[in-house]
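A.B. asks: Note that the protein sequences, when read in sequence, are chains Z and B.
Numbered per my numbering, the first sequence spans residues 4 to 308.
Numbered per my numbering, the second sequence spans residues 108 to 362.
Think of the hints as simulated: they come from the structure by calculation, not from any bench.
Here the structure is a predicted model, which is why all the values come from computation and not from measurement.
Positions of the beta carbon are idealized from the N, C-alpha and C atoms, including for glycine.
Hints are supplied without guarantee of correctness; some may be wrong.
Cut-off 25 Å, straight-line C-alpha distance, at most; resulting in silico cross-link-like pairs (BS3-like, lysine-lysine) [said to hold, decoys possible]:
1) B:Lys124 / Z:Lys130
2) Z:Lys304 / Z:Lys187
3) B:Lys128 / Z:Lys130
4) B:Lys182 / Z:Lys27
5) B:Lys353 / Z:Lys149
6) B:Lys130 / Z:Lys149
7) Z:Lys149 / B:Lys128
8) Z:Lys27 / B:Lys353
Listed next, the stretches of chain B that the computed footprint assigns to chain Z, with coverage defined by at least 3 CB atoms under 8 Å from CB atoms of chain Z [unchecked claim]:
9) 114 to 123
10) 298 to 310
Non-contacting residues of chain B with respect to chain Z, defined by C-beta distances greater than 12 Å in every case (computed) [to be verified]:
11) Asp126
12) Leu136
13) Trp140
14) Leu143
15) Ile164
16) Met186
17) Val227
18) Ile254
19) Ala326
20) Leu342
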Amino acid sequence: MVMIKAENVSIRYMVGDFKDIGLKEYVVRRLKNNYHIQEFWADRNVSFELEPGDMLGIIGSNGAGKSTLLKAVSGIMIPTEGKMEINGTVAALLELGSGFDGDLTVRENTFLRGAMLGYTRSFMNDKYDEIIQFAELENFQETQFKHLSSGMKSRLAFSIACLVNPDILILDEVLSVGDGAFQKKSGDKMRTILESGVTGILVSHSVAQIRELCTKILWLDHGKQIVFSDDVQLCCDAYEEFLITHSFPENNDPVNDLALKYKKRMAEKNKKDCNAYLNQFNLLKEQCPEAAVQFAKAVLKETSL
Amino acid sequence: MFQKIKKYQFLFEELVKRDFKQKYKRTVLGMAWSVLSPLLQLLIMRIVFSQFFGREIAHYTTYLFCGNLIFSYFKESTMGGMNSLLMNADIFSKVNIPKYMFLLSKNVSSLINFGCTLLVFFLFCLIDGIRFHFGMLTLIYPLICLILFNVGIGLILSALYVFFRDISYLYDVFTMLLTYVSAIFYTVDTYPMIIQNLFLLNPVYVFIKYWRIVIIDAAIPSFGIHFLCGFYALLAVCAGAYIYRKYNHKFLYYV
Chain Z
4 MVMIKAENVS
14 IRYMVGDFKD
24 IGLKEYVVRR
34 LKNNYHIQEF
44 WADRNVSFEL
54 EPGDMLGIIG
64 SNGAGKSTLL
74 KAVSGIMIPT
84 EGKMEINGTV
94 AALLELGSGF
104 DGDLTVRENT
114 FLRGAMLGYT
124 RSFMNDKYDE
134 IIQFAELENF
144 QETQFKHLSS
154 GMKSRLAFSI
164 ACLVNPDILI
174 LDEVLSVGDG
184 AFQKKSGDKM
194 RTILESGVTG
204 ILVSHSVAQI
214 RELCTKILWL
224 DHGKQIVFSD
234 DVQLCCDAYE
244 EFLITHSFPE
254 NNDPVNDLAL
264 KYKKRMAEKN
274 KKDCNAYLNQ
284 FNLLKEQCPE
294 AAVQFAKAVL
304 KETSL
Chain B
108 MFQKIKKYQF
118 LFEELVKRDF
128 KQKYKRTVLG
138 MAWSVLSPLL
148 QLLIMRIVFS
158 QFFGREIAHY
168 TTYLFCGNLI
178 FSYFKESTMG
188 GMNSLLMNAD
198 IFSKVNIPKY
208 MFLLSKNVSS
218 LINFGCTLLV
228 FFLFCLIDGI
238 RFHFGMLTLI
248 YPLICLILFN
258 VGIGLILSAL
268 YVFFRDISYL
278 YDVFTMLLTY
288 VSAIFYTVDT
298 YPMIIQNLFL
308 LNPVYVFIKY
318 WRIVIIDAAI
328 PSFGIHFLCG
338 FYALLAVCAG
348 AYIYRKYNHK
358 FLYYV
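Work out the full structure: start from the sequences and follow the hints.
C.D. replies: Set out below in structure tokens:
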């Protein structure tokens, strides 16, 4: 069984004169033959396949076409070319903060958002208290949404969204909301959901997060697919090297090449660090042996050797 | 289709609630004002125009109110509907839900408003000495047609408004012109037959005419009027549905 299958998916965006010019101006420009639309491909020939329980991490710098691809998976956009096959219900948590109404109260917004995410009324009635509790907004239930702080807003959004129980879960940079304490709570919650066997897609700028959570990886750059693979660690190595140098090697196997370079760089860095620690240790030993022991302990703890 | 309605029923209810609260901002006077304002308009028109037209037209107050009632419902429903899609761009660009829901929920708000004014209208009919009869049940037909017509026009306008933001100004001008050719405060009886028939090209006029025939003349309109009501309603809905279908995934580029 395949949950998601993308075959040569390409998505075209339009930019240019057409926005905000109005009907009168449109007619004038059409008559003068001065009406220009530019097209650009946000995604070009992207292919991947996910089986149940897979967690796909999508990486790439800004403007790589990650969010557009997610919109195609969630059905908000349709591919201009290629085919996107989805088997199952999709819940997309894209940009949590938007879509609330400032004049409505927290309670009303909670129900409205729940309805948008496809929950039923009875489900929302059951879960309402739980949501408010999780968001830590017990004292603000009848407050107008616009009077909440931005942290509270995203906490509420996250709490509503994380009740989802879909076949396919799409997360776009949602693992980092709220203050430190809430971030830990939300991270834990997300992990429980992911461990329940849902098929997921995760977009994150944190490579560490991708390394930890994902079983497959898709790397996009300016709409082009660099690699789709299940060797997450290798691709993450390559991506981190790319983030440092911002260039692709000119050969057939850029990913392996980059990963190799990254390993070398890391090894060198380790060596350098070790030497630095050693020097410091020796220096301390001459002055005060006790301090040296303390330092050594601290280093060992920090580097978890 | 049936499953889809069930699936989105909860969302629809919540959207209606939201639109309603947005409109009246939880004010006590909010609802009352929306009934009061057409009454004030009626009062002014009654005072100003009764000198010119009041003598030739029987039950002039009812005649005026009838025209006002239908026209202001049409105007409010379509003008409110125009914003509905763009206003919710934040939502439909992030969540995959049917886009026509926003328009429909907005239409429910204006329909409720219309219902309130309608009650006042019947009260006025009583005072004006209109005889109530069973034929008035036929009013349901043009009412349904009018609702459909408003939904259709709303669909078209809301889609256009996403593409061309100056539509709102153009539509303002258009509705003002339409007010004058809808025979709200005058009668077309004195015009030659050709011109009288030209009026039938205006859907709003047809709806108003239907209501006046039933209420003031206590008669059932001809088959032609029935046909026109249904035709305009279907035409508007089909055109609107076609546009939404065609541009469903393109609205995103324009918001």
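A.B. asks: Each of the hints needs a verdict: does it hold here or not?
C.D. replies: Right, here's what the structure says about each hint:
1. B:Lys124 / Z:Lys130: Measuring from Cα to Cα gives roughly 20 Å; hence the hint holds.
2. Z:Lys304 / Z:Lys187: holds (22 Å)
3. B:Lys128 / Z:Lys130: Between lysine 128 of chain B and lysine 130 of chain Z the Cα gap is close to 24 Å, so the pair holds against 25 Å.
4. B:Lys182 / Z:Lys27: Between lysine 182 of chain B and lysine 27 of chain Z the Cα gap is close to 23 Å, so the pair holds against 25 Å.
5. B:Lys353 / Z:Lys149: violated (36 Å)
6. B:Lys130 / Z:Lys149: holds (17 Å)
7. Z:Lys149 / B:Lys128: With a Cα-Cα distance of about 15 Å, the restraint between lysine 149 of chain Z and lysine 128 of chain B holds, given a limit of 25 Å.
8. Z:Lys27 / B:Lys353: holds (23 Å)
9. 114 to 123: Our answer is that it holds, as 6 residues pass the Cβ test (under 8 Å) against chain Z, meeting three.
10. 298 to 310: violated (count 0)
11. Asp126: Given a closest Cβ separation of 10 Å, the condition is violated.
12. Leu136: Given that every Cβ of chain Z is farther than 12 Å from that of leucine 136 of chain B, nearest at about 17 Å, it holds.
13. Trp140: Consistent with the label, tryptophan 140 of chain B stays out of reach of chain Z, its closest Cβ about 18 Å off (over 12 Å).
14. Leu143: holds (23 Å)
15. Ile164: holds (38 Å)
16. Met186: Correct as stated: the minimum Cβ-Cβ distance to chain Z is 17 Å, above 12 Å.
17. Val227: holds (28 Å)
18. Ile254: holds (24 Å)
19. Ala326: holds (42 Å)
20. Leu342: holds (22 Å)
When held up to the earlier numbered hints, the structure conflicts with 5, 10 and 11 and fits the remainder.
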